[in-house]
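So the chains spell out like this:
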Amino acid sequence: MKQKRGPIGFVLIVAILWMAACSLVPFLTSPTTGPTTPEISRCGANPTSLCLASFGLDNAGNNMLISFFVPSSSTTDFYLKIQLDTDTYTYQCQVAENFASSVYCTGEKIPLGSSIDIGIYSSKGNALIAQGTFVVNAVALPTPIIVIPTTGTNEIPPVATLLTGTNETSTTATSLPAGTMIVTPPRIATKTPTPINPYPNPYPNP
Amino acid sequence: MNLLFDSWQVLSLDKWPILVILACVSWGMVITVIVLRSITDLNHNLSEYSSLALAGWIVPLFPVSILVFVLAVTFNIRPNLQVAIAGFILSLGLLIWANRRAEQNISRGSVLTLVTLLCLFLLSTFLHLAFISETPLPPYIDSAQHYLIIQNLVKDFTETNTLKNFIWPVPIYYHLGFHFIAALLVATFQLNIAKLILILGQIIVGSAAIPLFFLVKLETGSDAAGLIAVLLGSFGWYMPSFAVNWGKYPALLSLQTIQFCLSILYLIGKYRKFFKPHWLIAIGAFSTAVSFIIHTRSIILIGIGFTAWMFAGWWRSQKFKWRILLLGIMSGSLLIESVLINSNSNLRSLFDPYFGSAVWITGSIGLLSILAFKKYPKFSFACLSSIFFLLLGLFIPIPHITDLTLLDRPLVEMILFIPLSLLGGLGYMTLSNLVSARFIGVRMISTFLFVGAIIVHAFMSYNFYPSDCCVIVTQDDSVALDWLDKHTPPTTLVAISSTELRITASSEHPQTAGSDAGVWITPLVNRPTFLLPFSTDFTRSDTLSFLCEHGISDIYIGNKDQSFNRALVEEKPDWYRNLLFLPGAQIFRVIGCK
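Chains as they are written, first to last, in my numbering: chain A, 61 to 266; chain B, 2 to 595.
Hints were generated in silico from the structure; no laboratory data involved.
Note that the coordinates shown come from a computational prediction; the quantities given were computed from them, not determined experimentally.
All C-beta atoms, glycine included, are put in the ideal place defined by N, C-alpha and C.
Among these hints, one or two may not hold up.
Said to hold, decoys possible - Taking lysine-lysine pairs in the DSBU-like style, the calculated list, with each CA pair at most 35 Å apart, reads: (1) B:379 - A:169; (2) A:184 - B:573; (3) A:169 - B:573; (4) B:561 - A:184; (5) A:169 - B:595; (6) A:141 - B:595; (7) A:169 - B:487; (8) A:141 - B:561; (9) B:561 - B:487; (10) B:196 - A:141.
Said to hold, decoys possible - Not the full set, but computed from the structure, chain A residues with beta-carbon under 8 Å of chain B: (11) 98; (12) 101; (13) 104; (14) 106; (15) 109; (16) 117; (17) 119; (18) 120; (19) 159; (20) 160; (21) 162; (22) 168; (23) 187.
Full structure from sequences and hints, please.
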């Protein structure tokens with residue numbers, strides 16, 4: 061019996077050493093490289109990790125806008141460095157109020173269809189958090205060409221300002237307390253579709 | 002595993018609001034039991050009291066919210082953590098005082114039953130927390146309204162100095178019970194309104210079916226039958242928990258008070274021969290008033306329960322042949338109602354939760370209820386007739402109010418689980434009595450299989466996450482709303498899309514409500530909004546004139562089926578200028594006014 065125990069023990073020890081070696085190999089073979097920077101991708105239906113939600117246009121500020129989904133475990137205090145060919149653009153980012161998982165960044169417009177490298181850097185320490193390569197898409201072209209009088213603030217002037225250049229505000233608008241909702245008869249509606257059943261059940265019915 | 006992980010993540014991230022709400026629920030439960038014990042001669046065990054108190058916890062909390070509100074707006078005593086702790090200590094004093102008065106200690110009853118009930122409540126609540134992991138805001142259009150009301154009430158709790166300054170939180174909204182309680186918690190514990198609504202909703206859903214135990218236990222004397230009813234109500238169908246997707250928070254909360262009121266009515270009926278139930282009547286009346294303030298239609302539902310019980314008593318007193326005839330008429334009428342509902346496009350989806358993959362559960366209850374009639378005829382008939390009255394309520398118009406009926410489709414759809422689960426509990430008890438004591442093994446195996454099948458069904462088809470149908474705020478909307486807040490003046494009047502709500506049998510003059518993320522502009526961004534039909538043709542000159550006349554400066558376009566048609570707006574670049582474009586949300590400025 062004792063004679064049999066020797067080889068079994070040997071085999072077990074070898075197996076354990078082999079497994080330990082296998083798990084250590086990645087650390088032993090690349091001693092000079094640090095941890096890799098996570099790649100960011102486009103968001104899916106129910107995102108769980110940092111991802112790029114969409115490209116957009118802030119036509120009022122004449123900026124491009126990039127929005128991200130940020131999970132609760134990640135920092136939201138970051139900015140972007142965007143590389144387009146030889147140019148580098150910096151985009152400042154902000155958390156959408158009331159939506160802790162939504163961060164959007166704005167900066168100089170980049171032509172539609174361009175392939176860009178996005179680097180996400182933490183504001184404190186400027187460390188690279190994540191990076192990815194994307195093609196700028198799904199951005200609409202600005203429609204009208206209107207000269208907006210400068211107001212000195214980042215607020216869009218009210219309609220009256222746009223038209224007259226003064227800072228008048230609509231009397232109807234100001235007389236309405238915040239939260240007022242007015243229901244109007246659908247006289248300006250097109251003959252369309254039957255409204256979808258409100259308070260719908262899940263479909264397909266489980 | 003994802004479900005457990007998501008629930009756990011919500012629990013760890015939002016432990017403070019969860020703890021606060023659970024503490025309030027526990028406080029309300031303790032007070033309910035103390036009051037019932039000290040002013041009545043009731044002597045039930047801990048399981049029975051716990052299930053009843055889980056329905057009634059809101060009854061003592063509501064007057065507290067009103068009292069704190071009055072103190073805040075008249076004497077400038079603002080709710081805060083210190084006041085809350087003082088209140089808690091005061092109520093503990095009451096607890097000790099009341100316990101001294103109580104002659105008997107509460108009997109513990111079966112520990113296993115108590116633990117099972119507690120586990121069902123905690124497990125159900127824990128699993129439902131996963132819902133919050135996928136939505137930052139409570140879903141659907143109603144939630145925006147609830148948010149706004151709570152927001153305005155919180156201002157009153159924390160800022161208003163006199164009752165004169167008090168403004169009704171929103172026009173055309175009448176039942177504010179849920180909102181007063183939510184506002185009290187927000188103001189006292191400095192909670193986020195959206196988070197509070199979401200968590201409170203999931204805790205209400207987790208506890209919605211627990212009170213069913215009380216009625217079934219009292220009627221059958223069986224803990225097992227009570228637990229079967231709770232299990233059916235919790236996981237048998239996707240209602241009532243799916244109603245959080247509709248933002249029906251007041252209606253969900255009223256399910257608790259309705260069950261509490263019906264239980265009190267049952268107790269009055271049960272004990273009136275032994276003592277004069279004056280105090281029980283007083284508690285029942287007060288609870289009904291609270292329920293009415295939480296959700297106006299709950300008074301109709303309590304009335305239906307009461308009428309069904311009285312009707313069943315009368316039916317029970319008839320001769321056997323008349324009883325059979327009446328039962329036949331009742332069943333036939335139910336069938337006719339079902340046909341009428343199925344032929345009405347506004348009501349057709351009412352039975353969805355109870356058929357589909359859950360048809361075997363509903364079918365089993367149908368079979369079990371035949372047995373239930375044998376042993377518990379009055380209670381079973383009361384359940385059957387309450388279903389009849391609930392469906393009938395969909396067709397009875399409210400006098401002088403156009404198109405409104407006593408009940409609407411979503412509410413009836415939500416509440417049908419109560420009579421069905423009660424019937425299931427009674428039927429199970431009858432079946433297990435029928436199986437001879439010699440075949441106790443068969444009884445245990447069949448119970449195990451039935452319970453197992455419900456649990457497997459729940460895990461296969463139950464969705465603990467928000468439904469795609471009802472999430473109206475997307476990632477792009479969140480950016481657009483924030484952008485609107487930071488880039489437009491506070492007086493900006495924004496046009497948002499709306500649709501018709503057809504939830505009653507008649508549809509000539511349907512109600513109107515917002516139909517995409519635009520409904521959140523006022524609550525979150527504090528800009529007034531203007532509802533326009535989602536099918537508004539923005540290319541027409543009279544539309545532009547209309548916008549200009551009413552001072553509407555911006556148009557918000559979301560990404561739902563019933564959002565405005567962007568193509569129509571873009572067709573007129575001289576009239577509308579795009580300010581913000583995201584694939585799922587756009588904001589246009591009206592520039593064509595002269």
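* Hints that the structure is at odds with (numbers, increasing) -> 1, 2, 4, 6, 11, 12, 13, 15, 22, 23
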